[in-house]
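Just need the whole structure built from these sequences, with the hints factored in.
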Amino acid sequence: MTWTDEDKQRLLHFKEIVDSDDIKCKEIIKKLLLSNKYILHVLNNTELEKEDAEPEDYYLENVLPYYVITETLSDVKHFVCFEISYRDLQRYDKTKKLLQIVFYILINEHDAIELDTGIARHDLIAALIQDQFNFTNYFGVKIELVEDTAGAVDRDYILRTLTFQQIVDNNLIKDGKYGNKEVHILA
Amino acid sequence: MPSMETYKKLHNGTIGQEHKRLSDKIMDTTFWTDINSRVGYLYDYYHDDHITQLNDLDSPNDPKKISIDIKFLMNTSQTYGNDQSTFHLQMRPGQECNVDYYDEFFGSRYNSTFPIGLYCDIPDEQGKYNRWLIVDKANYNVTQFPTFEILRCDYVLYYIDDHRRKRQIAVVLQSQSSYNSGIWSDHVTTIVEDQQKFAAPLNRDTEKFYYNQRLIIDNKVLTEPRLWQISKINRVAPNGIARITLAQTKFDGDKDYVKIENDEVIEMYADYYVGNTEPTDFVETDKIRAEITYPGKPTIRVGSGYKKLAVNFYQGESEIPLMNGQWQYFIGNEDVSSLIAYSTVDLEENEVKIKFNSKDINYGGKTLTIKYVVDTDIQASIDLNLANL
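Sequence lines, in order, name chains A and B.
For the first sequence, counting from 1, position 55 maps to 61 in our numbering; every step adds exactly one.
For the second sequence, counting from 1, position 59 maps to 1419 in our numbering; every step adds exactly one.
For the record, the hints were derived by calculation from the structure and aren't laboratory data.
If you're wondering where the values come from, they're calculated on a predicted model, not measured in any experiment.
Accuracy of the hints is not assured; some may be wrong.
[To be verified] Over 12 Å on every C-beta distance to chain B, these chain A residues come out as not near it, computed from the model:
no., residue
1, Leu-38
2, Asn-42
3, Leu-134
[To be verified] Listed below are the simulated DSS-like cross-link pairs for lysine-lysine, each with C-alpha atoms no more than 27 Å apart in a straight line:
no., chain 1, residue 1, chain 2, residue 2
4, A, Lys-14, B, Lys-1719
5, B, Lys-1657, A, Lys-56
6, B, Lys-1424, A, Lys-32
Every residue gets a Cβ at the ideal spot worked out from N, C-alpha and C, and that includes glycine.
Set out below in structure tokens:
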């Protein structure tokens, strides 16, 4: 099997086309989170701060496009994870779906308070994400915060989950090769 | 008849102390009448010219190894290593530390007691010197004379150190109680789940073993190798020894490397390829070497985003001042310096921020080689993955 630049282009194309809301939305979220210096500061990665690291160095270190952390955590470290999913269609309208963007904020309890403000770190990051995303239309349509829950994943990690929701088209078009889109008629 | 006070003055202590003194004297005088008495040779990892050799060493003719009179005693009353009969090493009464670097390398650094942490070459019944590791005191059995637990070094561990250099060290493998079948099945997949353990002398290299560090530990068989990752690091009990517990993990053909020549396994390294970068050979000399470091992952984004690089120079293990040189950038053999944007604002003189200034997504997946060249002898090189992040 040969692997050409054209094949690579084909995969990269998924970042731009609208078929996969997962990839498209995650690309946008990643860029927004990494451009928010307040969130990166409150994530308090002293190692990266000491190195005067660039925002992109936080990606896959503290900002993860998935909600699973398998590495053995031997240092105090905080995370913002995000996932995209949808389960429900809009009632009486199969052409619309309720797309959810879920942020999982994981804060190590050894460093649970942000010292400049005295605010609990998971609350502060949640407020910053809410401030950045709520009622915006970065994804094409307005998103709204519909759920905000707190809890603990284990003895060490405090969790806050923010769920944003947007009503978007449900599989109305299908991408052909390189953007030759087809309209998909729902039965 | 002399009084008790007179007796104590004459013999300088109690009757028990006098017995001890006499016993020590007898032990010292009759030391060579015991069939277990031998001459062993002490040394550490850094004073060893044959780090991968475990048996049949030419210790008496090795100027770096320090001779010591020992008794080599089998101890069957308990097994320290769980799985092999342990032996004790007994020294002459009042034996002082005769390894002049012990305090610097072990005593003051790890609060360990001479000779724990050292290797000792001990001749077997045929007179062949084999490598043993002194792992702990054994005073629970014999309080009269100083004795130590020793375990036979039975494995050479290959690993990549924190400077991405190929390293080897002689260790003692130990079995680890494992209350599972060696595999774990959930309702979808089955994965390996065995455990293993090894003991190594604690030193400036082994103290850097880290959680999740992956290692290939297996016989040099030609079937698929067994991969392990460090799941527990014990550096304090006993002082001077690193006792490392391993959990079995999976072989990754993209990262792990088994060198085979003529149907024979030569060396085995886990995480040999990280970001397409191969490790370098470890050369223990005072030659000046340069090293490039960067924060975060070994990736740089095509088109945007700066990555900060720093170059540092070392002679031996000591850092030395910056030497003037030139940053160079390649993809394969192609010089891509024209695609690199630089910034040195607010940076130290050994640092630079670079950006891969191209919008061509075909660069994604390729490897950017960055070099800092002082001259043909002194240069550093790293590889970063170009990614369309």
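Status of each hint after checking the structure:
1. The Cβ of A:Leu-38 lies farther than 12 Å from every Cβ of chain B, with a closest approach of about 14 Å, so its non-interface assignment holds.
2. Under the 12 Å C-beta cut-off, the non-interface status given to A:Asn-42 relative to chain B holds; the minimum distance is some 15 Å.
3. At roughly 21 Å from the closest C-beta of chain B, the C-beta of A:Leu-134 stays outside 12 Å, upholding its exclusion from the interface.
4. Simply put, A:Lys-14 and B:Lys-1719 have alpha-carbon atoms about 15 Å apart, close enough for the 27 Å limit, and the pair holds.
5. A threshold of 27 Å between alpha carbons decides the hint, and for B:Lys-1657 with A:Lys-56 the separation of about 16 Å falls inside it, so the pair holds.
6. Distance check on the hinted pair: B:Lys-1424 and A:Lys-32 sit about 60 Å apart at the alpha-carbon level, beyond 27 Å; violated.
Hint check: a violation occurs at hint 6 only; the rest are consistent with the structure.
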